[in-house]
Structure formats: C-alpha cells, structure tokens
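K.L.:
Hey, can you work out the whole structure from these sequences and the hints?
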Amino acid sequence: MTDSPRVNIGKQHPAAYKALIALSSEAEEAIAAAGLDPLLVELLRIRTSQINGCAFCLRMHTRDALKKGENPDRIAVLPAWEETGYFSETDRAALRLTEAITCVPDGHVGDEDYDAAAAVLTADQISAVAWLATVMNAFNRVAITSRYPVGT
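If you count the sequence shown from 1, you need to add 147 to reach the working numbering.
Since the hints were made in silico from the structure, they are not lab data.
Be a bit skeptical, because a hint or two may be false.
Said to hold, decoys possible - Computed spacing ranges between beta-carbons, pair by pair:
no., residue 1, residue 2, range
1, 154, 231, 36 to 44 Å
2, 153, 258, 37 to 45 Å
3, 269, 165, 24 to 32 Å
4, 156, 232, 34 to 42 Å
5, 156, 252, 20 to 28 Å
6, 156, 274, 22 to 30 Å
7, 162, 218, 33 to 41 Å
As the structure is a prediction and not an experimental result, all values here were calculated from the model.
For each residue, glycine too, the CB sits at the ideal point set by N, CA and C.
P.N.:
Encoded structure:
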C-alpha cells in the first residue's frame, strides 16, 4: 500500500454513504427476520472482507465477533472452513453462498453453489445472506478505495 492520500468517498458524497447505511439497516432487518445466528452473520462479514482484502472491515468485524462470543478458533480457520468440523450445515451453506456472491467474476453464482445453499437455507435466509454479502462487498469497496487507516 502506498501512502498517497485518498478521498474518503463516504465523506465526499455523504448522501450516497447514508444510502448505503440505510441499505445495511434493511439487510440487518432481513437477517433478523430470517433467524440467522448473529455469530454467523459476523463470520460472513469477516469472510467477505478476507476475500476482498479489506483490513479495516476485517479488524472491525473480528472484534465484533469476539465481543459477541465467537470462538477464536472458528475465526482462525475461516478461510479453510470447508476443511474443518467447526461449522454447521447452515454455516456452510451461508459461507458457500457468500463466497460465490463475493467472487462473482470467477463464474457468477453458479447453480451448484446456489443449489447447495437452497438445500439447507430457507428462501428468506438465502435472500438475507445475499443482501448481507452485497452490502458487505460495498462497504469493503468504500473502505479499500478510500484507504481507511488500520494500525500505525
């Protein structure tokens, strides 16, 4: 990363950022209504941020997950979730769908990924996970583009 200054796009166009916050609030309501575990939601945020390389969001959501009582081991092995026994069938379905949505350039959200999620998640949960991934990807892009500071 270079030290060249960047425009904070959220501050430069606060109405657009405010709209993103409002979308995030709507996604939060969908998540709650769908009955998704708050710890899983933080893991989905962390996984999205890992894929996108967003240090700012990784730090924030890792801290949030730990405050909510998430097991540090689950966070540590999150990039290799498929190889562990730490995650439930619901967790796995939501993680797989989140990864597919985040990695759209790698082949869109393929039928195999979608069908695997649909075999475990309700329609409300699929939609809530999709909105969460959409919002998280947007926040990652805002933080990365603006180079939100992390550490010293």
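K.L.:
If a hint holds in the structure, say so; if it doesn't, say that too.
P.N.:
Each hint, compared with the structure:
no.: 1; hint: 154 / 231: 36 to 44 Å; result: 40 Å, holds
no.: 2; hint: 153 / 258: 37 to 45 Å; result: 39 Å, holds
no.: 3; hint: 269 / 165: 24 to 32 Å; result: 31 Å, holds
no.: 4; hint: 156 / 232: 34 to 42 Å; result: 41 Å, holds
no.: 5; hint: 156 / 252: 20 to 28 Å; result: 22 Å, holds
no.: 6; hint: 156 / 274: 22 to 30 Å; result: 27 Å, holds
no.: 7; hint: 162 / 218: 33 to 41 Å; result: 39 Å, holds
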